[in-house]
Amino acid sequence: MFRGLWTTFKSMFEKPVTVAYPEQKRPVRERFKGRHVLKRYDNGLEKCIGCALCAAACPSDAIFVEASENTDEQRYSPGERYASTYEINMLRCIYCGFCEDACPTEAIVLGDNYELSFTGRNQAIYDKNMLLEPVPSGGLPTPQVTEPGRFTRSVPEMKDPVD
Amino acid sequence: MEAQTTTGKFVVPIGPQHPALKEPGHFEFTVDGEIVTGASVRLGFVHRGIEKGAEARNWVQNMYMVERVCGICSHVHATAYALGVEQLAGVTAPPRAQAIRELVAELERVHSHMLWLGVAAHEGGFDTLFMYSWRDRETVMDLLEAICGNRVHYSVNLLGGVKYDIDDKLADQLRKGVDFLEGRCEHYMKVVTTDETFVGRTKNVGKMSKEEAYELGSVGPTARASGVDRDIRIDAPYVSYEQFPVKLITDDAGDLQARFVVRIKELYESFRLIREILDHMPEGELTVKVPRRIPAGEAISRVEAPRGELLYFLKSNGTDIPDRVKIRTPSLCNWSSVVNYAVGHKLADMPMLLAGIDPCFSCNDRSVTIHRGGNVQNDWSWEQLRQYGIAYYR
Ligand code: SF4
Ligand code: SF4
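Residue numbers (my numbering), protein chains in the order written: chain Y, 1 to 163; chain L, 1 to 394.
Wrong hints could be hidden among the right ones.
[What the hints assert, rightly or not] Calculated cross-link-like contacts (lysine-lysine; reagent style DSBU-like; alpha-carbon spacing at most 35 Å): (1) K289(L) / K15(Y); (2) K169(L) / K15(Y); (3) K190(L) / K10(Y).
Don't read these hints as lab results, they were simulated from the structure.
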């Protein structure tokens with residue numbers, strides 16, 4: 001019994017292992033898969049081209065994509081098409097990251113936000129405005145007016161991702 | 001599943017909500033005073049239809065599906081599935097991928113056994129051990145998170161390889177974590193074998209002989225604690241267990257204490273293996289290409305989950321969607337041992353005895369048919385089921 005109490009006594013002087021969440025937060029790991037973010041290029045154009053490959057890959061049918069045509073007066077993304085509707089149902093999503101793997105333009109990326117809470121099922125559906133990242137500095141918001149013939153290539157040149 | 005008949009006796013029903021364990025299962029104990037004279041168990045409260053769901057998704061998507069059969073042994077499910085598919089497709093994952101699979105499997109075993117140690121201690125009213133072991137389990141959870149970003153569903157496997165590589169920094173982190181855990185486990189071993197109250201509750205409780213274990217088809221540490229030398233990692237080495245073999249750990253006592261001892265010794269074995277794999281990690285690619293359509297055929301793959309043998313049967317019809325995915329989980333095989341060895345013990349020992357097999361209720365998302373001879377038709381066809389449903393709701 002005394003040995004048991006000695007263990008208890010010793011641990012009184014150890015550093016607590018718990019974190020006082022939500023005041024303090026533990027940093028997330030590099031490979032953590034959290035809430036999705038739709039990325040933009042540096043000039044503000046959206047990376048997503050509305051190909052719906054992510055929706056096809058998703059094991060839990062969480063993604064809904066509807067594509068529309070880009071024009072040079074109203075350009076959202078390079079190439080011909082962009083996603084006019086992009087919705088992810090966060091209640092269905094299992095955060096497997098398969099959409100990330102499927103995307104040809106690296107438009108959808110699982111970020112590091114894990115604080116998702118809703119009070120109704122409708123709120124669990126995140127639409128495009130909620131998912132898109134803010135326009136980077138130096139970029140313009142979409143839709144942009146662009147000169148014809150400049151953004152014809154929808155899938156950019158990429159190197160292999162690490163992590 | 002009925003083990004004994006329960007007529008004309010006092011029956012204590014436990015569950016299905018929180019039957020001492022925080023998961024749904026229903027138990028009925030027939031008692032004579034304090035002593036249990038019969039036990040039966042009803043399962044299937046967490047049926048989610050995963051096997052049926054797998055028939056509507058393609059081979060790659062199912063990878064994520066089977067991982068979600070269980071939150072504790074998600075990696076072995078994915079490994080078993082991936083091995084089966086690779087067998088059908090006629091490819092083998094590269095050696096480095098196999099080694100990483102084994103590494104993660106062993107880390108998962110560490111995490112699962114430590115979780116169990118806590119749960120079992122908690123059921124025995126020894127909450128201090130529960131708190132300490134779960135605190136230390138955070139270490140291995142952190143390591144797993146560092147490898148793959150997730151604490152629960154690691155998603156390390158791919159068809160034909162693995163997703164994540166282990167670099168030197170990660171390896172150092174792993175070594176440090178394993179060293180720390182090994183020290184802690186030695187402490188737990190001391191507690192489990194010398195602490196008076198603990199020994200009093202576990203020694204000679206829930207004894208199961210080797211013959212009984214064979215007869216009741218026990219698997220995993222439960223069987224090994226009764227002296228059955230059965231471990232898929234040794235009997236039919238998969239991934240890289242041939243290259244990095246494990247030592248078989250058995251105990252002849254067959255009581256509850258032996259189940260603790262076997263599991264903690266397995267932890268040592270896992271630590272040794274993790275170090276060995278890190279030191280001799282084969283170089284090379286992480287993946288090979290697997291076709292989208294899997295050639296028609298049938299395959300069986302077996303792996304050793306933390307709770308015992310896990311078996312996958314896969315049937316392909318040559319398309320990108322499986323025809324049948326049958327999963328046989330280890331917890332299911334062990335229930336008959338519980339209802340058997342529970343007899344003759346005090347009702348107060350039941351939670352600990354139940355916890356002794358390391359029951360996983362998400363494993364029990366399947367049906368069991370027991371054929372007792374005779375002409376009882378228990379199997380229903382789709383059509384019969386449909387007719388029954390229509391009649392029921394009329
Ligand atoms: S993370 Fe997985 S489940 Fe979630 S949207 Fe992407 S593919 Fe679907
Ligand atoms: S996120 Fe990627 S995969 Fe999904 S529609 Fe957009 S471009 Fe296609």
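Hint check:
no., hint, in the structure
1, K289(L) / K15(Y), "violated (48 Å)"
2, K169(L) / K15(Y), "holds (25 Å)"
3, K190(L) / K10(Y), "holds (17 Å)"
Consistency with the previously given hints fails for number 1 only.
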